[in-house]
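Enquirer: Let chain A serve as the given structure and place chain B on it in line with the hints.
Below are the chains, spelled out letter by letter.
Number of protein chains: 2
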Amino acid sequence: MKLVPALQVQAPRRPGRPRDEELEQLVLDAALELIDSEQEITVSKLVELSGVSRAAIYRRWPSMTQLIASALNIGRVVQPAILVDGDLRQNIFESLYGRSLEQAAEMYSESRFRHRIRLVMADRELQRAYWESHVKRRRTPVEDALREAMSRGTLSSDLDVEACFDTLAGAAYYQLVVRGEPIRLPETRARLEAAFDTVWRGMVAS
Amino acid sequence: MKLVPALQVQAPRRPGRPRDEELEQLVLDAALELIDSEQEITVSKLVELSGVSRAAIYRRWPSMTQLIASALNIGRVVQPAILVDGDLRQNIFESLYGRSLEQAAEMYSESRFRHRIRLVMADRELQRAYWESHVKRRRTPVEDALREAMSRGTLSSDLDVEACFDTLAGAAYYQLVVRGEPIRLPETRARLEAAFDTVWRGMVAS
Chain A
1 MKLVPALQVQ APRRPGRPRD EELEQLVLDA ALELIDSEQE ITVSKLVELS
51 GVSRAAIYRR WPSMTQLIAS ALNIGRVVQP AILVDGDLRQ NIFESLYGRS
101 LEQAAEMYSE SRFRHRIRLV MADRELQRAY WESHVKRRRT PVEDALREAM
151 SRGTLSSDLD VEACFDTLAG AAYYQLVVRG EPIRLPETRA RLEAAFDTVW
201 RGMVAS
Chain B
1 MKLVPALQVQ APRRPGRPRD EELEQLVLDA ALELIDSEQE ITVSKLVELS
51 GVSRAAIYRR WPSMTQLIAS ALNIGRVVQP AILVDGDLRQ NIFESLYGRS
101 LEQAAEMYSE SRFRHRIRLV MADRELQRAY WESHVKRRRT PVEDALREAM
151 SRGTLSSDLD VEACFDTLAG AAYYQLVVRG EPIRLPETRA RLEAAFDTVW
201 RGMVAS
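Respectively, the protein sequence lines represent chains A and B. Start counting the first sequence at 1; every next residue gets the next number (the UniProt record's numbering). Start counting the second sequence at 1; every next residue gets the next number (the UniProt record's numbering).
Just chain A, with the same shape it has in the complex (with noise of 0.2 Å):
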């Protein structure tokens, strides 16, 4: 039997190094490039895109799936927790369709959106991947405000909360990937703001 001695040894780790993050943005931004000049993403091309070398890409993310799924995710932002004292129903509404879309639209503009649609029908395995790694992430503000409204009696309790949250969110999504409309559209803010008031009217604690 042959010894395959190079495989029994593992290689050192280097050290995390202070620039790692630095690194980390340069790839992102490479991506981010590629993306928006719908160009094929391959390590080849963020190799000389970002300078930074194939063996630190490799090592900071384990699959190009989750390296495509952190550009997505670049300019989206994950809201600050939610006041449920105070006017509740205005704090959500602000949180899932308000100030924080008009923001989200300036820094992830709308045809970077309809990329990012695209992407992951393509891709189910990417979509997986972006949904665990980033859109759970961005629902927890407004899932915890609605549990904690629950016990304390504003909202009905047998609410199924991410039901909740699906079908407020999946009002915005109806906009922009069914109707094809922009969420600046006055007839588009005012459907949203219908949207939200008939499934608030349904949340409530009767």
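These aren't lab readings, by the way, just hints derived from the structure by calculation. A portion of the hints provided could be inaccurate.
So the derived list for chain A, only partly shown, Cβ under 10 Å to chain B, looks like this [stated by the list, open to error]:
| id | residue |
| --- | --- |
| 1 | 76 |
| 2 | 160 |
| 3 | 167 |
Derived lysine to aspartate or glutamate pairs resembling EDC-like cross-links, with alpha carbons at most 16 Å apart [what the hints assert, rightly or not]:
| id | chain 1 | residue 1 | chain 2 | residue 2 |
| --- | --- | --- | --- | --- |
| 4 | A | 45 | A | 33 |
| 5 | A | 136 | B | 181 |
| 6 | B | 136 | A | 181 |
| 7 | A | 136 | A | 162 |
| 8 | B | 45 | B | 29 |
| 9 | B | 45 | B | 33 |
Ideal Cβ placement from N, Cα and C applies to all residues, glycine included.
Expert: Frame of chain A, contents of chain B only:
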């Protein structure tokens, strides 16, 4: 000044021929074959695959966008009118998420759905054409039933019917477009039932 007689004489329109519908189906089948195999749709390829002449294709569809929108709609059916007498809640649920969605899943595979979303996200003109000529029509039975129920006092009289539809359909789109979960999964169906329940409570006249 030069006369341009050729432009002044209108070419005689050929009378409608009995086989027009067959030709139409041949062209749409060819378009769908190209869509499903992820090839670009060109008139030349359609002529080659369908055997229908270039002139006949141009005569039937004013633009390639209209043609692709028609092809994307194959297998989608407009549901029959919804009975407002009887269990309206159940009838609307069935029309939106029930049999129709299962039937649609058989005739209109999820992979074609995902492909349709990619195409419309890449081309807003196609998205708007598909919305105007197809999606809007499919909404009619549910929207009519909601209006009738509002006028009878079963549902709240101040509902925005379009927003209600967007919300109910949006919850289903969210499963497919954001979560990436097939509608058939038991946990997906449970979420849709919970979503419907909450929205319905918000729509019922209090």
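Enquirer: The structure should be examined with respect to each hint, and the outcome stated for every one.
Expert: Now for the hints, and whether the structure bears them out:
no.	hint	verdict
1	76	violated, 13 Å
2	160	holds, 4 Å
3	167	holds, 4 Å
4	A:45 x A:33	holds, 11 Å
5	A:136 x B:181	holds, 14 Å
6	B:136 x A:181	holds, 14 Å
7	A:136 x A:162	holds, 10 Å
8	B:45 x B:29	holds, 12 Å
9	B:45 x B:33	holds, 11 Å
Violation of the numbered hints given earlier is confined to hint 1; every other hint is satisfied by the structure.
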